[in-house]
Each structure stands twice: as C-alpha cells, then as structure tokens.
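Participant: Read off the chains here:
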Amino acid sequence: MGSIKAWAWVHKWSSLVCTAFMLLLCLTGLPLIFSHEINHWLGNETEAPDMLPSTALVSMDAVLLSAKALYPERVVQYIFRDVDENKTWTVSLGKTVVSEDDIKYVTVDARTAKVLNEPNFSDGFMYVMYKLHVDLFAGLPGMLFLGLMGLLLVVAILSGVVLYAPFMRRLAFGEIRKNRTENLKRLDTHNFLGIVTLVWALTVGFTGVINAWAELIIKYWQVDQMAEMTLPYKNLPPPTNYASIQAGIDAAKALEPEMVLGFIAFPGTAYSSQHHYGIFMRGNTPLTARLYKPVLVDAETAEVTDSRNVPWYITALLVSQPLHFGDYGGVVLKIIWLVLDIVTIVVLWTGLMLWWKKRNKYVPDIETQIRLSEAY
Amino acid sequence: MVIHLFMQRIHLKRIFFWPIVLGVVTLLGLVFALLEEGGFIENLSLLGLIVPIGFIIYFYWFK
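Sequence lines, in order, name chains A and B. Just so you know, we're using this note's numbering here: the first sequence kicks off at 1258 and counts up by one. Just so you know, we're using this note's numbering here: the second sequence kicks off at 546 and counts up by one.
There's no promise every hint is true.
What the hints assert, rightly or not - Cross-link-like lysine-lysine pairs, in silico, DSBU-like; alpha carbons within 35 Å at most:
#	chain 1	residue 1	chain 2	residue 2
1	A	1591	B	558
2	A	1614	B	608
3	B	558	A	1615
4	A	1442	B	558
Hints in this document: simulated from the structure, not taken from any laboratory.
Between the sequences and the hints, there should be enough to build the whole structure, so can you do that?
Facilitator: Following this line, the structure appears as structure tokens:
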C-alpha cells in the first residue's frame, strides 16, 4: 500500500495545482471549438458570394494589388486563409515587414480580386476567450505556464488511472452508488467519467502542452532549417525589383503538383528571408492539409531555390493542432469535443469537491479510505 | 502484504477490461478521423468517438 499512498499524494497535488486553470481552459475552450460557427452568427465571418465552382481565379498579384491599394504606405507580410476556405484570401499588412502590432487585414475575393472585408482579429468576445485559453494575456510566459499546468494534468490523469484499480476492487465497471451518500456517488462519478474519457483527455491535454511550446518550436526551426536554406543569400543586398508572386506560386506548384497553396510569407518575414517568397504548400486530407511544405522562391527571379520537408518536431506540432482543436472532421466531431469537454469539467469539479468536503475533517490514510468506500 | 491479496492479476484484468476497450476505440477514432473527410472511414471513426459517450449515458442514466 506504500506505493498507493505515493500515487494518491501525486494525484492530489498535481490535480489541486492545475484544477483552477484546467476549469478555465475547459470553459474558454467550449466557445473556441465552435469559433467558426460563432463568428458566422456574430457576422464577423467574411461571406464571399456564391459563384460557379468552375469560375476562374484571378492572379495572386491582383489580390495583392487590391489589398495594397487600401494601405499603400504599408508592407505585405503574409497571405493566408483557413484550411476549409476556398473563395477568399486574407492579406496582412504591417507598418514594417517585421512589426507585430497594429496589423491590418484585408480579405479579398480570390475570383474577382474585390475587397470583401477588413477583419479585426484582436477584438471582441472570441478574442478574449482565445487569449485566456492560450496565454492568459501574458504572451510567451503565459503560454509556457499553461503548458506546465497541462503537464500537471497529464500527471493527474495517469496517477488517477493507477488509483482507479484499488477503488474498483469490489465494484463492477460503470457502477455508480447513487443511493448511498452524496460523497460515494461523487467518488464513483469521478472515477467512471474519468476512466471513460481517459484517452481523449490525455490526447487533448498532451497536444495542448505541445501547442504551448509552438512559438519556441517554430523559432528553433527558423534558426535550424530556415537559416540553412537561405544561407547562400545571407550577405546579398536586398532585391531592388520583385518578381510576380503568381509566378512564384506557379513555380512552387510545378515542384509540388499534388499539393495546394497553404500560405505565403513575404520577403523579410519570419517564414522567409530578405530574398525569398516563402510559399507554403499543403496536402488535401484532414491530416496532410495541416502539414506544410516550404518552397522558397527567389523574390527577384521567381525561381525555386530550396524546398525540404519539415523536420519531425514541426510535424509533431502540426499534427497536434487538429487533435487539440477537434476541427478536422466536421460538425459531428465538434459536438463530440463539446460533450467530452463538459464531461471533463464534471471530472474536474467532482474531484475538487471530493477534496473540498473533507479538507476540515480527519482524513484516514488512503488504504482506510478505500476500505471505507467499500464498507457499504 | 495485503496488496497482493487484492491486486491479483485476475482483478486487474477485470477492472481494466472495459477501460482498455474504450481507450483503444477512442484512439482509433481520433486517428482515423485524420485520414479522410466525408467518407466511410470518417463515419467509422466518429462512431468510435461516440462509443464512450454512449457508455456514459447508459451507465449513468439507464443502469
């Protein structure tokens, strides 16, 4: 029983430390699962007019021109869109190519080059939910702190599985003693819901921890591989004239004919170099649509200079994102995520209550607790 | 050494049989949903993820 005592200690303290934050993450996570739908209801989503699917797309240079016409004094940083969006592109423009504050976004119709919207991504209810969920409004330290809390959750879940066995010696699977004391019902509910949602909670918890490291993982990739890929251009003066971005996209597509365009990083941003368009290609299945392959294109000549698959740590990050968000399988998957999120809230809450109710009482050691819970 | 009386392998097998089944089904559901959108595999994987929810509803309200 000595080891059970140790596991009980680990379970109690790892849970107690992270529970408040986990409740916050579960609650803010609820609207985030449906952020696409909620933004649609709130009218924040850009609605591109319906056209025949065969309607030809305009050149990306035209998209770029439309966006730039609104902010001629600014520089383009990125062109991007959601994985499931296919009618529009959104262009981000900063005061300088590296500025991170005061970014303007312009959403342009990919078939007409007409400006449709200027979305504001840093405002409103969903933004508050997002910031509370990701970094508590505290930037990188906040992210890493929440990552640490997620790690404690993983420890709490695993120690909980170990404790599940002694508590279930005399009980059948799924047995909840509803007609005994309130505390026994709570204990059985906690154990049952916890064990049933085990794999999902571990997956979402652990992929959340990986996501908390995203910024550092990407920074490492930039130093590790991006720098290597752009090394031959390191000491050259910045280009004086720029090639057509559509020509660059075409060159990338010729190299990767099976893939589609994911996003574009303009020269000088963190995902390219002074001399390159960073063209990021992606696949078509729910998994490969999130796995990018960088193709670096010379910004003066529109010729491909380098392209390589992302290393394992970037793949791990990119795969962990859909598994955390639950956004890779339509609305049914989102509803499953919602239900399991609520079940996790119940597990957290019953766990907290189990501790709270006995905090002022004499608490026998774990062995006696298990025997007492069986004595009915 | 009370622990050995209680924690015999037979007990562990009984205790963890359903949790392991549910864990494997959930895991397959999570992974297979990554492979395809809108097809048979996706429906199968969604089914796998609904099973634990079905267990909760059955054991909590109907048993």
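Participant: Against each hint, give a clear statement of whether it holds in the structure.
Facilitator: We went through each hint and held it up to the structure:
no. : hint           : result
1   : A/1591 / B/558 : holds (33 Å)
2   : A/1614 / B/608 : holds (27 Å)
3   : B/558 / A/1615 : holds (32 Å)
4   : A/1442 / B/558 : holds (24 Å)
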